[in-house]
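Engineer: Model the placement of chains C and B on the given structure of chain V, informed by the hints.
Each chain, letter by letter, is given below.
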Amino acid sequence: MDYQKYTIATLGSHSALQILHGAKAENFNTLLITTPDREKFYKRFSFIDEVKTIPTFADFPTVEKDLKDKNVIIIPHGSFVAYLGVEKNKNMTLAYFGNKAVLDWEQDRDKQKKWLLESKINMPPQYDSIEKAQFPVIVKSFGAAGGAGYFLAKEKQEFENKIKTFKSNKYIIQKYILGVTLYIHYFYSALTNSLEILSMDRRYETNADGLGRIPAIMQQEIDIDPSYVVVGNSPLVLRESMLPEAYDMGERLVASSKKLISDKGLFGPFCLETIITPDMNFYAIEVSARIVAGTNLFTDTSPYSIFHHEKPVSTGRRIAMEIKQAISENKLELILD
Amino acid sequence: MDYQKYTIATLGSHSALQILHGAKAENFNTLLITTPDREKFYKRFSFIDEVKTIPTFADFPTVEKDLKDKNVIIIPHGSFVAYLGVEKNKNMTLAYFGNKAVLDWEQDRDKQKKWLLESKINMPPQYDSIEKAQFPVIVKSFGAAGGAGYFLAKEKQEFENKIKTFKSNKYIIQKYILGVTLYIHYFYSALTNSLEILSMDRRYETNADGLGRIPAIMQQEIDIDPSYVVVGNSPLVLRESMLPEAYDMGERLVASSKKLISDKGLFGPFCLETIITPDMNFYAIEVSARIVAGTNLFTDTSPYSIFHHEKPVSTGRRIAMEIKQAISENKLELILD
Amino acid sequence: MDYQKYTIATLGSHSALQILHGAKAENFNTLLITTPDREKFYKRFSFIDEVKTIPTFADFPTVEKDLKDKNVIIIPHGSFVAYLGVEKNKNMTLAYFGNKAVLDWEQDRDKQKKWLLESKINMPPQYDSIEKAQFPVIVKSFGAAGGAGYFLAKEKQEFENKIKTFKSNKYIIQKYILGVTLYIHYFYSALTNSLEILSMDRRYETNADGLGRIPAIMQQEIDIDPSYVVVGNSPLVLRESMLPEAYDMGERLVASSKKLISDKGLFGPFCLETIITPDMNFYAIEVSARIVAGTNLFTDTSPYSIFHHEKPVSTGRRIAMEIKQAISENKLELILD
Chain V
1 MDYQKYTIAT
11 LGSHSALQIL
21 HGAKAENFNT
31 LLITTPDREK
41 FYKRFSFIDE
51 VKTIPTFADF
61 PTVEKDLKDK
71 NVIIIPHGSF
81 VAYLGVEKNK
91 NMTLAYFGNK
101 AVLDWEQDRD
111 KQKKWLLESK
121 INMPPQYDSI
131 EKAQFPVIVK
141 SFGAAGGAGY
151 FLAKEKQEFE
161 NKIKTFKSNK
171 YIIQKYILGV
181 TLYIHYFYSA
191 LTNSLEILSM
201 DRRYETNADG
211 LGRIPAIMQQ
221 EIDIDPSYVV
231 VGNSPLVLRE
241 SMLPEAYDMG
251 ERLVASSKKL
261 ISDKGLFGPF
271 CLETIITPDM
281 NFYAIEVSAR
291 IVAGTNLFTD
301 TSPYSIFHHE
311 KPVSTGRRIA
321 MEIKQAISEN
331 KLELILD
Chain C
1 MDYQKYTIAT
11 LGSHSALQIL
21 HGAKAENFNT
31 LLITTPDREK
41 FYKRFSFIDE
51 VKTIPTFADF
61 PTVEKDLKDK
71 NVIIIPHGSF
81 VAYLGVEKNK
91 NMTLAYFGNK
101 AVLDWEQDRD
111 KQKKWLLESK
121 INMPPQYDSI
131 EKAQFPVIVK
141 SFGAAGGAGY
151 FLAKEKQEFE
161 NKIKTFKSNK
171 YIIQKYILGV
181 TLYIHYFYSA
191 LTNSLEILSM
201 DRRYETNADG
211 LGRIPAIMQQ
221 EIDIDPSYVV
231 VGNSPLVLRE
241 SMLPEAYDMG
251 ERLVASSKKL
261 ISDKGLFGPF
271 CLETIITPDM
281 NFYAIEVSAR
291 IVAGTNLFTD
301 TSPYSIFHHE
311 KPVSTGRRIA
321 MEIKQAISEN
331 KLELILD
Chain B
1 MDYQKYTIAT
11 LGSHSALQIL
21 HGAKAENFNT
31 LLITTPDREK
41 FYKRFSFIDE
51 VKTIPTFADF
61 PTVEKDLKDK
71 NVIIIPHGSF
81 VAYLGVEKNK
91 NMTLAYFGNK
101 AVLDWEQDRD
111 KQKKWLLESK
121 INMPPQYDSI
131 EKAQFPVIVK
141 SFGAAGGAGY
151 FLAKEKQEFE
161 NKIKTFKSNK
171 YIIQKYILGV
181 TLYIHYFYSA
191 LTNSLEILSM
201 DRRYETNADG
211 LGRIPAIMQQ
221 EIDIDPSYVV
231 VGNSPLVLRE
241 SMLPEAYDMG
251 ERLVASSKKL
261 ISDKGLFGPF
271 CLETIITPDM
281 NFYAIEVSAR
291 IVAGTNLFTD
301 TSPYSIFHHE
311 KPVSTGRRIA
321 MEIKQAISEN
331 KLELILD
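Protein chains in written order, with the UniProt record's numbering: chain V, 1 to 337; chain C, 1 to 337; chain B, 1 to 337.
Isolated chain V, as found in the complex:
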């Protein structure tokens, strides 16, 4: 089996270090495509064999031909859609790890809702109009954008005031579910048809995660507006008695993706972003159908990864292991698009 023939590549952002570090651990060639401002940064790391610089991420198609000659396999992450948009992802002619048909279902909140419903996963109640809402509500813009497009409203008047200056005119209104957040990092193998939970995290959001350190009385007098911009992640483990349902939810998402999206369905890394309520129920906020940034906490191993693997395995490395197995079994067509 000649891995030297293949180069694992990704865009310089999000979880690129983890992906290429994992690829190198599995002895692949590694290549990173980035913009001039980040070139110096990525060149610090010796596990990246080649850094290719393009003027802007939108120029990605101009290097496709060159990358094709290098037998590149592209690993998409959260910045691919943010930087290239769904269409440029779909039109990519390079070997692409994952099922591009899932992209539409990840991006479109109505499709997500249908997918989660079909998977029998609870969601916060959602309202067509503010008139029908139960308060408090959280209002979210459509599309990714790293968590900036949110606001809370405790009554209709507050909603009306805030919506005027909201940056998006495509949004959804959900009941605000009071609980704690948990992001579950899955990996589903299309080669063995088996599911692993590799790790878990919670997001670290500014300024939301700083508010609690300010006494209530001071908060009120300084008139704070909460924001939910994701700037990091912190690790968590889940109560073991809730793990069976966590695995089941992942399997139901995969099963319904095969029914709703395409035969191949969802595979590789994905994430279910949940809120856990005091009755110990999970409510899904979102499905991310690719590696998520919370896995960056576990670039070596994780409390869950070691239950599935005898060596240190990150999500990035797990992707490389899957590709390696597909190469050796001559099944690359099962995992590339």
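Hints are computed from structural coordinates only; laboratory data are not their basis. Check before you lean on any hint, since a few could be wrong.
Unchecked claim - Just some of the chain B residues that point at chain C, by a computed CB distance under 10 Å: (1) F47; (2) Y228; (3) V229; (4) M280; (5) Y283; (6) L297.
A quick note: this is a predicted structure, and the numbers were derived from the prediction, not measured. We treat Cβ as the ideally placed atom computed from N, Cα and C, and that holds for glycine.
Structural biologist: Only chains C and B this time, still in chain V's reference frame:
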């Protein structure tokens, strides 16, 4: 030394994955007893040699004879008392890792109080009646139950209102100590008479750990009632200058257990659940005389475990190491009950 | 290369376990100097070859002669200045890892400000007098002291009330920046002139990190005063798109230290203590020009350390690796003072 003769077994919940993963790392046979709804889940993990399914956990005594023939050593965890009750634990005829005499002292809050006092460990002031209380108070039901049986009251009237609908009529009233929580995971070896701190955590409780992300003004208008249901854990380390006292508290607990409980006293894994106040004092909330769920963060190694061991050691693996040593030194009677 | 000739030593506090554990991993002799109350504690750990006890940390100079005979290299940490003061550090005649000239710039807030400005790192606006302040403000005493010397004020009157009982009469007034904290642990090699980010954390402060779990309405009625006493740390990773700036800030600090402080400038471990605002900007609160306690989370490895090293490397071990390289290249004079 023939480990093949022994099988390490536990109930399918709480920290079972860690316990059996650690046992397998030390080359023991592993067996899990669980209920039908969790059978599929535990069969995912190859380090579990056998999954034995019983209709309900209460049916455990029906399989004891069979387990005895397999030379099983049972590792108890937090779900043993929750599912079987203290009596069924005591009446178990299988080899049981730990000292069953400690169970009464763990379950009975009055005995816990006596034990902590004898160990010269601070506790929050406790009140016989609400008339004598200094507010705010926290009211806790007797027994385990995963942290659900709590409420806060800032004055007598609030206590009177909340106690009416409280699910338990056996409870204690404590002064609410304002600080931060820290759970210290100890292991005391009855073979070497030495203490290790293996790791530390804080609990992740719904909805208490979500409250701080909601601005004070919104909290007030949506009329939030806090709850403290433990659904996970997150990692911590302690300021090094406070570590000597953390070790000393553990040794004092062991020493006083030998005096108060029985000659063998407390050994194996245990946990002191503390609040640290701004004057850097520890207040003990509870002693858990067995492996706690927070150790599930450290199924590989931990920032403290590596100070005692040259290989990756979880609390689960540490238990297996102790059993292995006892077997090789012919001292199993020192650690089994 | 004969490491047996050298002994790595430090004072028994702060990050001593990590430092000596890392030194032993690199095969150095290890020695710890501590006070009688901590002697038993440090003797628990077999990677510490010798524990030397002195009546108080201030008696350190009395053992210098003896240590010199043992060919000791001293690794300073946060407790060195706290226990010995800047002058005793500067007057130390033992081989001292680091640049003592940096101590003045770490201790003096005006010099820190100059250093950060020169490094083009944002700082919270600072006010000469309360008359000119934009509220809310945070008031900080000069010097270290583990985070105890702080208070918040939302208006002038509150400032006037609190300053009366403030323990320090040397303080600074800063605008309180609303965001989330992130502590970045750097290591700059004076041998290779290259920078590594080894890990990141946030502090765990009592009672500030407990406040958020108390509902706003209860906080108000029990009249809470926040405090910021550091008793631990919890792990974090940063959004990858912000990592390039995190590295750049570190390099700018090193570059300006060579200009402002001395030719050697800042090298070895250091930390930038930041607040990240919702516009994803870093604001520096402080530079610590030595190993910080947050690295104690990563005594084995860290999510960032593995991007620079193929083996498990803590900050403590990284220091030992640097010393080892300097010995083998005959360049100890580059890293000792």
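Engineer: Determine which of the earlier numbered hints do not hold for this structure and return their numbers in increasing order.
Structural biologist: As far as the earlier hints go, 4 and 5 are violated by this structure, in ascending order.
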